[in-house]
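Peer 1: Single-letter residue listing:
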Amino acid sequence: MSTDLKYILVDDDSFNNMICRMILEDTLGEVEINEFTEPEEGLSFIRENIKSPAVLFLDINMPTLTGWEFLGLYDKFNEEVKRHVSVYILSSSLDWRDMDKAKANKYVKGFLSKPLEAETVISIAQGEFQE
Amino acid sequence: MIQSLKILHIEDVKSDAELVERTLRRSDIAFENLVVDTKEEYTKALHEFNPDVILSDHSLPSFNSLDALQILKRTGRNIPFILITATMSEEFAVNVMKEGASDYVLKDRLQRLPSAVINAVRKHQLDNERQVYLDKIFASEELFTKAELLAEFGTWRLDLVTNITNWSAGTYKLLGYKQGEVEPSFENFLKNVHPDDVIEVKRNLKNAFSNFQPASGEYRIINKDGSVRYLYAQFEFELNEKGEPAHIIGFNQDVTRSELAKIEIQKNIEELKAASDRQTGILNAMPPNVALLNEAGKIVAVNESWRKFTIANNLDVPGHGIDFNYLAIFEKATGVDASAIKRIEKGMREVITGARNEFSTEYSYGSDNKEVWFQLIVAPLRDKAQKGAVVLHIDITDRKISELERDRMTADLVQHNTDLEKFAYIISHNLRAPVANIIGASSILNNMEVSSGEKEKLNRGINTSILRLDEIINDLNQILQIKGRINEIKEIVYFSELVEHIKISIRNLIDKDNIEIKYDFSEVNDFFALKPYLYSIFFNLISNGIKYRRQKVHNVIEIRSRLLKNKIELTFADNGMGIDLKKNGDQIFGLYKRFHSNIEGKGMGLFMVKTQVDTLGGKISIKSEENKGTEFKIEFKI
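Quick mapping for you: the protein sequence lines, in order, are chains A and B. Numbering-wise (the numbering used here), the first sequence opens with residue 1 and increments by one. Numbering-wise (the numbering used here), the second sequence opens with residue 1001 and increments by one.
None of these hints come from the bench; they were simulated from the model. Be a bit skeptical, because a hint or two may be false.
The list that follows gives simulated cross-link-like pairs (lysine-lysine, DSS-like), each with its CA atoms no further than 25 angstroms apart [unchecked claim]:
1. A:K101 <-> B:K1583
2. B:K1400 <-> B:K1422
3. A:K103 <-> B:K1518
4. B:K1262 <-> B:K1298
5. B:K1552 <-> B:K1628
6. B:K1422 <-> B:K1224
7. A:K101 <-> B:K1422
8. A:K51 <-> A:K82
9. B:K1146 <-> B:K1123
10. A:K76 <-> B:K1582
11. B:K1628 <-> B:K1531
12. A:K76 <-> B:K1583
13. B:K1273 <-> B:K1242
14. B:K1547 <-> B:K1455
15. B:K1457 <-> B:K1400
16. B:K1582 <-> B:K1567
17. B:K1422 <-> B:K1518
18. A:K101 <-> B:K1298
19. B:K1422 <-> B:K1346
20. B:K1582 <-> A:K101
21. B:K1400 <-> B:K1370
22. B:K1583 <-> A:K106
23. A:K6 <-> A:K106
24. B:K1593 <-> B:K1583
On the chain B side, residues computed to face chain A include the following (Cβ under 8 angstroms) [what the hints assert, rightly or not]:
25. A1296
26. V1300
27. K1422
28. Y1425
29. I1427
30. A1433
31. A1436
32. S1443
33. S1451
34. H1596
Glycine included, C-beta positions come from ideal geometry on N, C-alpha and C.
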């Protein structure tokens, strides 16, 4: 089990972030988890601090910046940074349009429906995630 | 003076023959003499001797004088024949004369013979001359009659002294009689004159008698078979040496053929005119404006609708455009756009030149603040005489308006449908979010070891999520109620009342943040609408202004109404924090759209405002600049 993966949570819903943190910790033990309810903060964290592999769980519906807008800004980041980050959309949406949009985005590795589940966490951590 | 006569003498007694010759020799008569005594000799002599006169004894051994006369007659020749006989009864003499003898002379009175011969020859010569003369007359009369019949004319003559009328053969025929069938008279003439013409004929004649001047006229004759002929009549007076009228000479010409031709032509003209009138009538009865164009595109005829149209639209062209180029007039009609003119010009040319069979297009025409729509149809006009086109303009404004209305309604429906879809998406998404949280939290509570502190947080989170669910369901209910209340009763709503009411209900907020609310409804203060909607719109926009106020400035919300041409315009302006519309403009009125994470709100207010404005048939727009303020503008049609 890879323990050197960092986890980043970007969602304006702090309760969801808390649920994610508890599931990640329970499943993976001690891991670095960075929570952001302001997507702008999440973005600057990634740009400044990511120098090793990381997993990003990104919400879509946020008031100041949507997940898609987030990815639009992320696109301009240094390739060196982006190389480390595996982006997963974590949304309460069940809409096929959102799923299609996620699939079409080159940075998105997967579309996950809330709530985050332990099995998904394990397969991502082992690099075996399949939709 | 008689030339030398050839005398053929029939006599069998030589002494008698010599006696006759001697008698004649003694007279002045120069002659040569041939005596025959048989039938054969006689017949031969008639041909070869060719006598001027024949003298004949009555009785010969082989034939007699009557036989000789018969033979002469059979030759067809007319030669004086004098009988010389010894004795003769009166009765016999008469008989011989009847048979054709010219004279007779008794043998014992031969001294009368020379004068008898001379008389007979002279008489015969005169008869011959008369006959030739008569023959000539007969021939010329025959010719005249033939001419009359061929040329269909006739002459007549009335002797005013004896009152005797003469009709030529042609006249008989023209008047409908066989030659000689009736006595030529005015009465018999009138019998066959068409009853409608009798008075006129009589009047003409009477006029002529008043001044003895030549006259002419036309009248009709009815034939026995009922057919009618037209005669042209001329007549004039012949005066005697005292200058008094002696005769009337008249001339009639059959002019039936030319008269019938004239009538036929007149009839044709009338039929043509009737047909033309009918077509004009049809054209005039047609509601579309119709113009006929010639090959050059010039207007040659228009119908009544066209004339009315040019008058109603002040198209200042003489003769309603006849003789003018159609396109020139069309271009003169202001309000027809140039591309339509170009299109029509092309189509029209193609129809006139035969490149296409028909051209049809629709165009609009702006006249006196109202838009009129026309369908224009150009069809070829190809009669034998000229090429060209028929142009029809059909007023399709009503249809067009309903089409545009239908398009607008369709667009509204599509918009409505898209809104509904968005609405369903947002609702499902927002319902799903707390549900997912509840599932996640309860799964942790069920399957993991958690500290009491964490457990409490989870329970609190579950509780918040449940409240959130309830809230969303309430919102949903509220939204659905708006859409469902469209049929509620409208009333007159006063804007100033609404604002005062809202100011009281949120007084603590206003006071707390020292917000100034100003309004100016001097132009219009009332609106006929659903009051709860209008209240909600005002409430949400005012609360919005308060919620997004700017720190450290004196916050003012200004509300103003304006009465425009056919609408009311309401503006809600604040000097609050504003919003970056470049980034969020298209989502500003979306459900659960929030643009400030540090200010409480669930993204319902503006969505509600928009929904209610839409439901009232209005439009809402926003202008905003960050750190300057926001202005909402609402327009309602009145």
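Peer 1: Tell me, in ascending order, the numbers of any earlier hints that this structure violates.
Peer 2: Checked against the structure, the hints that fail are numbers 2, 3, 4, 6, 9, 11, 13, 14, 15, 16, 17, 18, 19, 25, 26, 27, 29 and 33, while the rest are satisfied.
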